[in-house]
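J.: The residues making up each chain are set out below.
2 protein chains.
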Amino acid sequence: MPPSLKPLLVQINPVVGDLDGNAAKIRQALAAFSSFDLAILPELALTGYPPRDLLAQQGFVEASIALCHQLATEFEEVGPVLIGAPAQRMGRLTNSAWLLEGGLARPVHDKVLLPVYDVFDERRHFERGERATVVEIAGRRVAITICEDLWAGEDLEEAQDYGLRPVHQLADQCDLLVNLSASPYSRGKPKRRREVLKAVARRLGRPIAMVNQVGANDELIFDGGSVYVRPDGEFYGLPSFEEAVGYGAPVDPLPDPLRSDRRALMLGLSDYLEKSSLHNVVLGVSGGIDSALVAEIAVAALGPERVLGIAMPSRFSSDRSVLDARDLCDRLGMGLETLSIHGVHDALSTTLSRIVDASGLTDENIQARIRGALVMGVSNSSGAMALATGNKSELAVGYCTLYGDMCGGLAPIGDLYKTAVYDLCQRISPGDEGVIPASIQEAAPSAELRPEQKDEDSLPPYEDLDRILFQLVEARRSPQWIIEQGEDRDLVLRIAHLLKVTEFKRWQAAPVLRVSRMAFGTGRRIPLVWRHWERS
Amino acid sequence: MPPSLKPLLVQINPVVGDLDGNAAKIRQALAAFSSFDLAILPELALTGYPPRDLLAQQGFVEASIALCHQLATEFEEVGPVLIGAPAQRMGRLTNSAWLLEGGLARPVHDKVLLPVYDVFDERRHFERGERATVVEIAGRRVAITICEDLWAGEDLEEAQDYGLRPVHQLADQCDLLVNLSASPYSRGKPKRRREVLKAVARRLGRPIAMVNQVGANDELIFDGGSVYVRPDGEFYGLPSFEEAVGYGAPVDPLPDPLRSDRRALMLGLSDYLEKSSLHNVVLGVSGGIDSALVAEIAVAALGPERVLGIAMPSRFSSDRSVLDARDLCDRLGMGLETLSIHGVHDALSTTLSRIVDASGLTDENIQARIRGALVMGVSNSSGAMALATGNKSELAVGYCTLYGDMCGGLAPIGDLYKTAVYDLCQRISPGDEGVIPASIQEAAPSAELRPEQKDEDSLPPYEDLDRILFQLVEARRSPQWIIEQGEDRDLVLRIAHLLKVTEFKRWQAAPVLRVSRMAFGTGRRIPLVWRHWERS
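Protein chains in written order, with the working numbering: chain A, 1 to 536; chain B, 1 to 536.
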């Protein structure tokens, strides 16, 4: 391909629904260029992805279409633009690529492969296109695909079999393959995305320009990482996890996946706040490792002045945890307030004891709910959003109190198993030199809700728990199959049982930022009330 | 059609996932019959509907298929059975009707029209069939359809245009049309279902046997109402809202829709408990109309001995509300405990005031969260499930406290607007003769969280609020359109804004039993964080 068609990668961070705001972002991104051969934007860049049921709200699609036409006139003199936006013809709504060229806008490709697995609901809204489309732009044949269109048929664990492979007939029919994407981050996904792009570019013998959305919308984090891939497999890319526009530079090797998780969570948190017009966050800091990691991520994402910790010791809190909470916040440079829950605990127990036995688990939950009410009180009074600090292991087995430690507007590490929480802390803060004190990392996990309590009194060792949970949640294996692989029968059945009977807690959990390929949230749709078909 | 093929309607209440339990129900339902011409069960009767992502769990579909074959051998001598269950051929999963006949089981029809609107996600799991199927059973031609297959193309507000109308080519090709359904209840749906059945039976000139699932699964309530419809439009049906098996009797006129709502909510509540192996419920009884209606429904569904009310007066509670709470529970025959929140309120305010201003809205939320913690404490200690008592109007505009009055395992009236709450109370308990004291029905709505507080200080009159919410939520109208119909501009924009910015509360709300065609829950998928494309 001659240098005359040099694709300009426009990696923006749209706000869902905000058509005018997203158009303004596009104008701003392109303002630095007096002309270009072809500017490429992400999938559904104008509406933001995923627009979900906004697509069914009166006037939304019409407004988006009108804006495509308006943008076409604005860019008439600068160059052709490919942008993802919905199209509607005879009542058929499609997830389309619009070509803005010569002052006119027209949908030139309708997404063929509409994912309905995982977090995706595209067939809920869209009708599918028939095939990959080749259009002529500036005298070159440009094949256009949208996200999943490129992935199908590749040798990937996640690949769905649609019986259709839109890119497989394209060799010799195009000079350039374009892919408009809104491909959410999950651990290892950036690597697999590169592998797919390289394989397809080589097979077709054609370059690929892939532009991915960046930014977070609700649970989903989009990492960007837009690239121009030569047929020889050389990559020229934009940075990940930030807005960028350009022709790409030679790409760096991908970072360690756990560090990418952290980067993704930072973006997930900061975007949630910014897009909600919120500024600060508040969280309970217990001296345990979960709240330490959430605090670290929040400070890295927002700066220490926007993060407030609340230590809420009870009669069961150890000196260690109180001192470590202080040490942590000092190291992070964030504020910490301390509120003893003694008085409220006494008052609530006394009141409740008038009619029921308020000891045991009830008393543990009371303490957690007082802490929840205090954090939410600070949130209500200050406007700071509360962060839930629970991890995926706890959420999976319900080792957490609904309306207690589960309180919060967002659960930043709700998709990290406890073992991953340890690994990540160790990586970002090895020994006692970093921001997370070694004594926090070394302390035996404890909810500190009764004397001498340790997590391992109630739960299996986290290594065992997380390994089995991964098989049940991510791999959707049956308990029977896992037992057949050699796991302890009672342990597997106990964990499967806990996972099942605590679904009601996760229904009411704060949104979990997704970094795995199966998080608790909209991508996992398990009934609340059901019985297992395997009798044990 | 000769009397030799007389369809036996088998309206069961399956538990999702419980293959063996559901098979046992089927055996029990058919045990009274030494033989039958054709027994018909609901859509996905073996798995329960909706099975959601259990379909993707290892071993589930295989176990269901094996059970179809086993049941075929069991019913070999009794008669042919049509039962809804998944089928799998060459990796294609289908929502199918299985014919068990002569000791063998085979899928004879794959659902053609797979809904993906509202609460439905069928394309997430299933591939669609090609057409309605006609099979010969006992020498008669039986056309088989599954739920939506029958509805498409009918003149209905809810009807989707699939470009396919599986039943429209069937006249002259069949002697009987069968429809296996799992059609959830919503207000007016039983009436529309009858209209559709009558219209199709008349057009085809053939009788229809429609068997619908009964019972509640999570948010969804299935009303049953299975019928045999003659071509002349005569109905022979089974009762609604309960399990039943038989050939049908002449049907009664449908009851008033609001009374059907109440019946549906009773079933939704009792089934949720029974299928969760829970027995009792506990709820805060404030002396207001919402908790009064929830108590009434709970007592009607479960009996008074299984329902406990907790009155939790604060310094702002009126004498009226405390006395009325007692009067209500006496009339209902249910228990009531009273716990003053004074002491806890003082303790929590004192603690929180050390670091923030805990007055105003913060103080109101504190009171609601103390009540939530007390109700949950009783729940934890007694094993009773807490009920959230909020209505749809409150949920829609966020006039409710997350982790406070929103606490609970289920929200029985979360899909009833406040005006419907009044109407229903008035209907079931007119004047002061019934179970809900007139003074509760006549009192001005108040959260009683500050002196002399009234809902109308913060909210528009409920008549206006509910009328506009209906346009925004159920009808998905744009604010602009609603204003153009003559509604007050500021009022519409204010309500639309409140609806939008409180999405985060509903994300964490208890499951809402659905009785409208657009409830807050899985049928409404609005982003948490978004900006409106209409600038106001």
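None of these hints come from the bench; they were simulated from the model.
These numbers come from a predicted model, not from an experiment.
One should not assume that every hint holds.
For identical chains, the list gives no copy identity; a pair is met inside one copy or between any two copies.
Lysine-lysine pairs mimicking DSBU-like chemistry, simulated, CA-CA at most 35 Å apart [what the hints assert, rightly or not]:
#1 K500 with K198
#2 K500 with K189
#3 K454 with K25
#4 K500 with K25
#5 K189 with K25
#6 K6 with K500
#7 K454 with K198
#8 K6 with K198
#9 K454 with K6
J.: Run through the hints listed earlier and report the numbers of any the structure violates, in increasing order.
T.: 1, 3, 6, 7, 9
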